[in-house]
Amino acid sequence: MSDKQSDLYPYSYDMTEVKPSMPNFVVIPENKEQLVKLVKFCNKYIIPIIPYITGNNVGGITVPVKGGIIVDFGKKMNKILYVNENMKYAILEPGVTFGQFKKYLDDNYPNLRYSYPFAPPSAGVVGNALLSGMNNLSEKIGSMGDSINGLEVITIDGDVARIGSCFYGKDEADPDHWYSRYPMPDLLGLFVNWQGMTGLVTKCAVQLWPKDPFEKNIVALFEDLPSVGRFMREVGSLEVLNDISAVSIEVVKMTIELPEPKRFPGEPAMIANCPISGKTQKLVDAKLEILQNKVKELQDEGMPVILEDIDDFAKLLNLRVRSFLDLPAVILSLFEYSGLTWFGSYAPSHIHDELIPKVDAIFHKHGVPPFIYMKNMKSNHYGIFRPIIRYNKYKEGEEERVHALLEEITDVCIDAGCIPYKTPEWMTEKMRKKINPGWQNLFEKVKKMMDPNGIFNPGRWNT
Amino acid sequence: MVEVKIDNSLHGKEFLEMAFDRCIKCSTCKFGFKNFEPSCPSGEKFLFESYWASGRIRIIRGLINGDLEWTDDLKDAIFACPTCGACMDSCQAPQADFLVDIIEALREMAVKHIGPGPNQENLITRTKDVFNPYGEQNSDNSDLKEKYGLPDQAEWVYFIGCTSNYRQKNLRDSTLNFLKKVGIDFTLVDEHCCTSPLIRTGQINDVKDFMNYNVEQIKKAGATKVITSCAGCYRTLIKDFEKFGVDYDFEVYHTAELVKQLLDEKKIKIKSSYDKTVTYHDPCHLGRHMGVYEIPREVYKQIPGINLVEMRRNRNHAWCCGAGGGVKIGYPEWAVDISKERLEEAKETGASIVSSTCPFCRTNLSDANDKFKMGFEVLDLIEILDQMTIEVKQEE
Chain A
10 MSDKQSDLYP
20 YSYDMTEVKP
30 SMPNFVVIPE
40 NKEQLVKLVK
50 FCNKYIIPII
60 PYITGNNVGG
70 ITVPVKGGII
80 VDFGKKMNKI
90 LYVNENMKYA
100 ILEPGVTFGQ
110 FKKYLDDNYP
120 NLRYSYPFAP
130 PSAGVVGNAL
140 LSGMNNLSEK
150 IGSMGDSING
160 LEVITIDGDV
170 ARIGSCFYGK
180 DEADPDHWYS
190 RYPMPDLLGL
200 FVNWQGMTGL
210 VTKCAVQLWP
220 KDPFEKNIVA
230 LFEDLPSVGR
240 FMREVGSLEV
250 LNDISAVSIE
260 VVKMTIELPE
270 PKRFPGEPAM
280 IANCPISGKT
290 QKLVDAKLEI
300 LQNKVKELQD
310 EGMPVILEDI
320 DDFAKLLNLR
330 VRSFLDLPAV
340 ILSLFEYSGL
350 TWFGSYAPSH
360 IHDELIPKVD
370 AIFHKHGVPP
380 FIYMKNMKSN
390 HYGIFRPIIR
400 YNKYKEGEEE
410 RVHALLEEIT
420 DVCIDAGCIP
430 YKTPEWMTEK
440 MRKKINPGWQ
450 NLFEKVKKMM
460 DPNGIFNPGR
470 WNT
Chain B
302 MVEVKIDNSL
312 HGKEFLEMAF
322 DRCIKCSTCK
332 FGFKNFEPSC
342 PSGEKFLFES
352 YWASGRIRII
362 RGLINGDLEW
372 TDDLKDAIFA
382 CPTCGACMDS
392 CQAPQADFLV
402 DIIEALREMA
412 VKHIGPGPNQ
422 ENLITRTKDV
432 FNPYGEQNSD
442 NSDLKEKYGL
452 PDQAEWVYFI
462 GCTSNYRQKN
472 LRDSTLNFLK
482 KVGIDFTLVD
492 EHCCTSPLIR
502 TGQINDVKDF
512 MNYNVEQIKK
522 AGATKVITSC
532 AGCYRTLIKD
542 FEKFGVDYDF
552 EVYHTAELVK
562 QLLDEKKIKI
572 KSSYDKTVTY
582 HDPCHLGRHM
592 GVYEIPREVY
602 KQIPGINLVE
612 MRRNRNHAWC
622 CGAGGGVKIG
632 YPEWAVDISK
642 ERLEEAKETG
652 ASIVSSTCPF
662 CRTNLSDAND
672 KFKMGFEVLD
682 LIEILDQMTI
692 EVKQEE
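Chains A and B, in that order, give the protein sequences.
Positions in the first sequence are counted from 1; adding 9 to them yields the working numbering.
Positions in the second sequence are counted from 1; adding 301 to them yields the working numbering.
In short, the hints are calculated from the structure, not lab data.
Every residue gets a Cβ at the ideal spot worked out from N, C-alpha and C, and that includes glycine.
Hints should not be assumed to be uniformly reliable.
[Claimed, not checked] Simulated restraints on C-beta separations:
1) A/H373 / B/D550: 49 to 55 angstroms
2) B/D368 / A/E416: 22 to 28 angstroms
3) B/D398 / A/M96: 42 to 48 angstroms
4) B/D565 / A/E248: 57 to 63 angstroms
5) B/K672 / A/D168: 42 to 48 angstroms
6) B/D565 / A/P313: 55 to 61 angstroms
7) A/H375 / B/N366: 21 to 27 angstroms
8) A/D233 / B/N366: 43 to 49 angstroms
Build out the structure end to end from the sequences listed, making use of the hints.
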């Protein structure tokens with residue numbers, strides 16, 4: 010535990026333009042027993058508790074807007090507790106990182122894999138799942154929130170609840186019984202996407218997937234912006250890709266160390282990454298053939314798109330481009346400056362066609378290179394739309410300039426039906442103006458029931 | 302946010318500016334890149350964000366912005382770091398190569414406001430007093446010159462370094478023996494501290510004077526090449542002299558580089574056998590700071606009979622010995638604990654010898670070996686070579 014100003018300060022702000030606020034204490038717990046005591050104490054004296062892993066959420070979610078105690082899970086409660094190879098899941102403490110998890114699986118379970126986001130290796134696996142983050146199997150599995158089998162949580166009165174199929178038994182659950190979140194009433198919904206507002210998660214079981222031995226990575230290059238949305242829907246629905254994610258061409262240039270790139274006439278406007286894998290090379294080839302046939306069909310209809318093997322593309326451009334494939338990785342385009350902010354949202358995928366050129370134009374209007382990252386999820390059931398802005402936090406007027414750009418993008422996207430996740434307060438405030446009153450009343454009632462004194466990460470969703 | 306104003310008088314100003322322009326605290330600096338092993342002794346020990354590179358960058362911002370006040374409470378976060386550079390290797394952002402410079406600039410600023418880290422003021426007072434950070438009576442090396450029959454002028458100067466000259470004399474003597482044995486035309490000078498301990502701890506006011514003095518001595522000896530067995534001196538002579546704008550026109554070699562060159566050119570051949578299992582500990586100042594990983598290994602491999610085995614974390618991923626950055630003097634118990642972790646890793650290899658190419662690593666690894674009764678023999682590469690029969694090919 011520390012209350013030294015120097016120890017508290019790094020927890021007072023994150024990479025975004027969210028206003029900094031100092032915590033009063035930071036604690037590094039070792040086990041749930043300590044946390045049970047902490048929760049009871051904080052509830053008695055009405056002291057905010059803010060769960061923290063690495064603070065990489067890009068939404069100010071761990072900024073202690075009302076002070077209180079930061080619970081840093083990343084340093085000691087970071088163990089991979091169990092892997093069930095047969096039912097393909099792992100039980101994790103909250104502080105496990107993607108890099109750590111990948112290494113552990115590669116070393117010990119080479120036939121299994123997890124699904125990794127467009128995030129650094131040090132980002133937290135459990136935080137990503139609880140906040141319904143992205144991943145690179147998204148065409149197959151959708152949101153990471155869907156991959157949670159079960160949770161152990163400490164609720165406001167210090168009770169420890171196990172949720173999911175691990176719910177049998179008074180004491181610790183049998184590690185082989187964390188296999189499903191169904192069919193009992195799905196209490197996971199009280200914690201997933203709540204940004205730490207309803208309790209402290211101390212264990213989380215996440216699904217794993219078989220690792221295919223054969224892989225192929227294809228990129229699609231688009232001459233225009235409006236084609237991208239349709240391409241992703243059509244190709245996403247083929248069910249041959251592991252993932253499909255597109256970025257502005259400027260992002261690729263940022264990755265190869267061009268900090269403020271321009272798009273020149275004749276260059277592709279966007280590029281989509283289409284990873285394929287299979288148990289055999291024949292299967293990979295068959296999937297590739299399906300993809301190529303679909304692209305031919307689209308080309309015949311006049312869509313300006315071409316497919317390239319990413320290895321050739323990387324050789325031509327720069328091997329750094331491969332960092333997009335090699336997740337979890339450090340993608341330079343995200344780490345260039347001292348600030349990073351975004352409008353990260355779930356979106357109905359049919360609006361991508363309209364949103365991409367619109368948001369691209371907003372970036373240009375503000376003199377900022379476009380950085381659009383988007384996905385289609387789970388065989389095109391829904392989409393992800395994520396304009397990102399890198400900036401220098403300490404350049405005079407820059408944060409205000411960036412915020413103005415982000416706010417304009419936010420307004421356009423929310424109007425089009427996007428739902429931001431990992432939201433700062435100002436963004437949820439905008440959403441709440443559009444959300445139906447019934448939902449809002451229910452949300453308030455649930456929050457009140459789960460946390461009557463408002464100690465769990467106050468400020469989130471304007472609580 | 303408003304534009305930041307940084308004290309123009311600070312030598313490390315450009316690195317403090319970088320702390321504002323770069324780093325989103327992605328935390329990649331916390332673990333070995335791609336191997337995801339713990340790599341930062343400071344962060345692993347003290348755990349709070351302020352003890353990792355990205356946290357220290359935040360402390361810089363807070364101090365310069367005025368969000369944080371200068372108090373003694375800051376000292377551990379600023380000085381409890383061996384500046385091993387593991388963060389430089391892990392970080393993949395544009396500031397990666399400058400993280401140690403950024404930490405040293407923070408220390409320079411801290412020394413100005415709250416004074417040096419614990420016990421570290423001794424480094425400067427002793428060096429100003431007797432020209433070495435150990436507080437030993439300065440040796441002008443004339444006794445050694447006489448003992449080894451060295452000339453006043455020579456092609457090479459062996460820059461012994463304070464740790465070898467005052468604490469690891471066997472390493473010094475082994476280097477002298479080796480240089481004599483292989484017929485290098487070398488001499489010694491009345492050297493003063495290379496300034497590594499001063500720079501690493503932010504006490505930089507006088508370093509240029511020491512640097513200029515040493516350059517002058519080397520010039521007087523008429524040398525065109527300088528050799529040292531100390532990774533710290535090597536890093537300082539090459540990198541820090543340039544950083545402080547001190548020019549010279551001689552080449553600087555680490556002993557391992559000279560040995561490798563002599564072996565490659567077939568000027569020497571190791572004739573005897575060293576039938577032991579040896580694991581090599583990469584000194585941070587030679588490895589991560591200077592990129593020299595393979596040369597020492599190639600020398601070990603040319604020793605007949607040797608079984609060279611690698612520790613789990615090796616080369617750029619090597620776990621620091623814990624002595625550098627003022628930690629040995631400032632946090633002596635922790636320094637030895639860091640070495641203990643390294644020796645535990647060495648145990649896994651089955652080696653009986655832990656060998657390095659730095660007297661400072663040798664000191665700290667030996668201290669941990671003794672304190673925790675780890676049962677190794679800790680030797681420098683040059684000490685092993687000194688035990689070997691070496692055939693020297695005569696010039697035709």
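Outcome of the hint check:
The hinted window of 49 to 55 angstroms between A/H373 and B/D550 holds, with their beta carbons roughly 53 angstroms apart. Distance hint for B/D368 and A/E416: a CB-CB separation of about 25 angstroms, consistent with the stated range 22 to 28 angstroms. Distance hint check for B/D398 and A/M96: the Cβ-Cβ separation is about 45 angstroms, which falls inside the suggested range of 42 to 48 angstroms. For the pair B/D565 and A/E248, the supplied restraint of 57 to 63 angstroms holds, since their beta-carbon distance comes to about 58 angstroms.
Between B/K672 and A/D168 the beta carbon distance is about 46 angstroms. The supplied range of 42 to 48 angstroms therefore holds. Between B/D565 and A/P313, the C-beta spacing of about 57 angstroms keeps the proposed range 55 to 61 angstroms intact. In this structure, A/H375 and B/N366 meet the distance hint of 21 to 27 angstroms, their C-beta atoms being roughly 26 angstroms apart. At roughly 45 angstroms, the beta-carbon separation of A/D233 and B/N366 lies within the given 43 to 49 angstroms, and the hint holds.
The structure meets every hint from the earlier list without exception.
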